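K.L.:
These protein sequence lines are chains A and B, in that order.
With full-length UniProt numbering applied, the first sequence covers 1 to 84.
With full-length UniProt numbering applied, the second sequence covers 1 to 150.
It cannot be assumed that every hint is accurate.
[What the hints assert, rightly or not] A few chain A positions that, by computed beta-carbon distances, are all more than 12 Å from chain B:
hint, residue
1, R3
2, K11
3, E22
4, K84
[Said to hold, decoys possible] Simulated pairs of lysine to aspartate or glutamate, EDC-like, Cα-Cα distance not exceeding 20 Å:
hint, chain 1, residue 1, chain 2, residue 2
5, B, K52, B, E13
6, A, K84, A, E29
7, A, K11, A, E21
8, A, K38, A, D56
9, A, K84, A, E21
10, A, K80, A, D50
11, A, K38, A, E22
12, B, K104, B, E46
13, B, K129, A, D50
14, A, K11, A, E78
15, A, K80, A, D36
16, B, K122, A, D60
17, B, K118, A, E53
18, A, K15, A, E4
19, A, K71, A, E83
20, A, K9, A, E21
21, B, K136, B, E110
22, B, K118, A, D50
23, A, K71, A, E4
24, A, K9, A, D36
25, A, K15, B, E99
26, B, K111, B, D85
27, A, K84, A, E53
28, B, K122, A, E65
29, B, K122, A, E54
30, B, K129, B, E99
31, B, K122, A, E29
32, B, K118, A, E52
33, B, K22, B, D85
34, B, K122, A, E53
35, B, K122, A, E21
36, B, K122, A, E22
37, A, K80, A, E25
For the record, the hints were derived by calculation from the structure and aren't laboratory data.
As the structure is a computational prediction, the values presented were derived from the model and not from experiment.
The beta-carbon is built from N, C-alpha and C at its ideal position, and this holds for glycine as well.
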Amino acid sequence: MSREETILKLKTIVKPYIQNEEAFESLTESTDFINDLKINSANLVDVILDIEEEYDIVIDNQSMERMLDVKSAMEIIETKLSEK
Amino acid sequence: MLIRARENMTKQEIMSKLPYSKPFLFVDELLYIDENRVEGIYTFDENLDFYKGHFKDYPITPGVILTEAMAQIGLVCLGIYLVNDTFNKNTSIALTSTEIEFLKPVFPNEKIIVISDKIYFKFGKLKCKVIMKNEKDEIVCQGTIAGMIV
Numbered sequence: 001m002s003r004e005e006t007i008l009k010l011k012t013i014v015k016p017y018i019q020n021e022e023a024f025e026s027l028t029e030s031t032d033f034i035n036d037l038k039i040n041s042a043n044l045v046d047v048i049l050d051i052e053e054e055y056d057i058v059i060d061n062q063s064m065e066r067m068l069d070v071k072s073a074m075e076i077i078e079t080k081l082s083e084k
Numbered sequence: 001m002l003i004r005a006r007e008n009m010t011k012q013e014i015m016s017k018l019p020y021s022k023p024f025l026f027v028d029e030l031l032y033i034d035e036n037r038v039e040g041i042y043t044f045d046e047n048l049d050f051y052k053g054h055f056k057d058y059p060i061t062p063g064v065i066l067t068e069a070m071a072q073i074g075l076v077c078l079g080i081y082l083v084n085d086t087f088n089k090n091t092s093i094a095l096t097s098t099e100i101e102f103l104k105p106v107f108p109n110e111k112i113i114v115i116s117d118k119i120y121f122k123f124g125k126l127k128c129k130v131i132m133k134n135e136k137d138e139i140v141c142q143g144t145i146a147g148m149i150v
């Protein structure tokens, strides 16, 4: 899967939880879930659960703590997919 | 060992760990608990202060108080049970979201039962589907509630 496709998919996943429409529209790899998209930390858990479901992967606590921006989310997804 | 300890955690122990007291404790007794479900009861004392003002000369339990009772029984009691030994004075709990529909009024002295089923407990967040019923077995309110344990 290309990076563009992954970003597109991530955008669909985070959409219900974002509070900053502008940052969402201009989302890039460096977009931060909490600081830019203003997703609250409780909803970030739902984002991660939705990622798990979408990609059929299991995200551990350690990865979860790193998953704060689009770039690290993409890296973690990629790693977990390669472990399957 | 952890699983064994969890099985032995009694309903009384959970009650004793609840971080609330009167006039803001809305759990009288837990009837059932396992790692996926909790059921508890509470009777709304007619002398509770908010009845004096909600509403003037016509006391009805406020929706926020019903929500609080649902959260204390359905989320906090289950959360304490789930984290078990790691729950102590330094543990913080926070309500993070509610989505409740209110169907029937609850009057002073009514006894209610709250039934809560876990949707998930992950990364410190507990989300449950919660129902409150009155003594006629009618649903008075229902919805989803989530909170974090840190």
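K.L.:
Of the hints given before, which are not true for this structure?
P.N.:
5, 6, 8, 9, 15, 26, 31, 33, 35, 36 and 37
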